[in-house]
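Student: Chains as they are written, first to last, in numbering that gives the first Met the number 0: chain A, 0 to 290; chain B, 0 to 100.
Mixed in with the good hints there might be a few duds.
Partner residues are not named here, just some residues of chain B that face chain A (Cβ under 7 Å, in silico) [said to hold, decoys possible]: (1) Arg38; (2) Thr42; (3) Asn43; (4) Ala46; (5) Asp47; (6) Met54; (7) Gln58; (8) Pro78; (9) Met79; (10) Phe82; (11) Tyr99.
A few chain A residues facing chain B, derived, Cβ under 10 Å [to be verified]: (12) Arg11; (13) Thr15; (14) Val17; (15) Gly20; (16) Phe36; (17) Trp38; (18) Asn39; (19) Leu41; (20) Glu43; (21) Glu75; (22) Ala78; (23) Thr80; (24) Arg113; (25) Ile116; (26) Asn147; (27) Ala152.
If you're looking for bench data, these hints aren't it; they were derived computationally from the structure.
Computed from a predicted structure; not experimentally measured.
Positions of the beta carbon are idealized from the N, C-alpha and C atoms, including for glycine.
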Amino acid sequence: MAVLVFDDTGNRRFETGVKKGVLYPLNTGNGLYDTGFAWNGLTEIKEKPAGAGSNKQYADNIAYLNLLSAETFGGEISAFTYPDEFGQCDGTAEPASGVTVGQQSRATFGLSYRTEIGNDVSSDLGYKLHLVYGALASPSEKDYSTINDSPNAVAFTWAFDCTGASSTNFGSTSLLTIDSTKVDATALGDLEDFLYGTSGTNPSLPPPDSVLALFTGSITAITLTPPTFDGAHTITIPSETGVTYYVDGVVHTAGTQLLTTGQSKVVSATPNAGYVFNKPVVTSWLYTFVS
Amino acid sequence: MGTRLEFQTLLEGLGNGVTVYFQPPPDVQMVYPAIVYNRDFLTNHFADNIPYAGMLRYQVTLIDANPDSPLHPLLMAMPMMRFVRHYTSANLNHDIYDVYF
Numbered sequence: 000m001a002v003l004v005f006d007d008t009g010n011r012r013f014e015t016g017v018k019k020g021v022l023y024p025l026n027t028g029n030g031l032y033d034t035g036f037a038w039n040g041l042t043e044i045k046e047k048p049a050g051a052g053s054n055k056q057y058a059d060n061i062a063y064l065n066l067l068s069a070e071t072f073g074g075e076i077s078a079f080t081y082p083d084e085f086g087q088c089d090g091t092a093e094p095a096s097g098v099t100v101g102q103q104s105r106a107t108f109g110l111s112y113r114t115e116i117g118n119d120v121s122s123d124l125g126y127k128l129h130l131v132y133g134a135l136a137s138p139s140e141k142d143y144s145t146i147n148d149s150p151n152a153v154a155f156t157w158a159f160d161c162t163g164a165s166s167t168n169f170g171s172t173s174l175l176t177i178d179s180t181k182v183d184a185t186a187l188g189d190l191e192d193f194l195y196g197t198s199g200t201n202p203s204l205p206p207p208d209s210v211l212a213l214f215t216g217s218i219t220a221i222t223l224t225p226p227t228f229d230g231a232h233t234i235t236i237p238s239e240t241g242v243t244y245y246v247d248g249v250v251h252t253a254g255t256q257l258l259t260t261g262q263s264k265v266v267s268a269t270p271n272a273g274y275v276f277n278k279p280v281v282t283s284w285l286y287t288f289v290s
Numbered sequence: 000m001g002t003r004l005e006f007q008t009l010l011e012g013l014g015n016g017v018t019v020y021f022q023p024p025p026d027v028q029m030v031y032p033a034i035v036y037n038r039d040f041l042t043n044h045f046a047d048n049i050p051y052a053g054m055l056r057y058q059v060t061l062i063d064a065n066p067d068s069p070l071h072p073l074l075m076a077m078p079m080m081r082f083v084r085h086y087t088s089a090n091l092n093h094d095i096y097d098v099y100f
């Protein structure tokens, strides 16, 4: 029989810090979080799950069973600044560069951030990646105050609630957490290539199924076939298993796409769940009509 | 946050015949009125697990034989300036300030 040991060397783990925040506005054209923006100046992120309220049912003069309400997820982001692209998520429109209009509709966004794991032996034991889906920010206060004899920076805080994203085996979820001390390093590297981008790919927040497939399923590495362009006005989208192609953000099946005079189109590709692209890889192409 | 040389220029720009000294050695023969300043403190704001932004605080000492030195209100008008205390020594008035720059 095993005897429990408490606080032995190497097992005094703790978590600390927050950094590498990335904002992924939801692309309403294709339902993907296909572009990420660095969120500098993060000071705090609070995870606030809610719901799952107890609802006891009585029978036979006892608490016979306990039904729980649905669980929801939300949180708070605190930072000294925010990426310009967060404006659309915070109810502002930008009709011209540098001009913002408040009280507009709010865009849904995803978020990733990293927290550190340490123990009594190493303060750099590993880290956790937190992936948030379907977040919607609430209006928040901004407290501007006079400059005085103590330097202060305005601390912004936004509360958000999540509707989550669907997952085949787990229903809707708003939060995935990946622990670098426990998962496969190659799969983690592939995920970070998605989250932070590479020289040929934009940062993106993969859907929950794609993330889970990296760590729980078998991954097929494929070499991405780029579209072809006749140099004038015809783009040909190839047919390739495990790849979804988009033209200007809209899913496009294999076939041709015509450009009219003066027109440009962006073709992009993302791997489906269970697939990754061999590297190096370029996943978006700009084509312009040539007369 | 400005540089130390920018702060020096700002102090020299106060005029009224002031001479500005940065962390002078003890054997310097000062000319009055004088402003002596030294690096005092650094305030850090932390974010992203690093010192994200910081401001240096300088301790500034105004030394003038004139107790109503015209430099005093000019120093007090600077942003992020705080008057700390006053004393006299060797028939010279010393006013000490903390300022972030």
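Student: Looking back at the numbered hints, which does the structure fail to meet, lowest number first?
Tutor: Failing hints, ascending: 1, 3, 7, 10, 12, 16, 21, 25.
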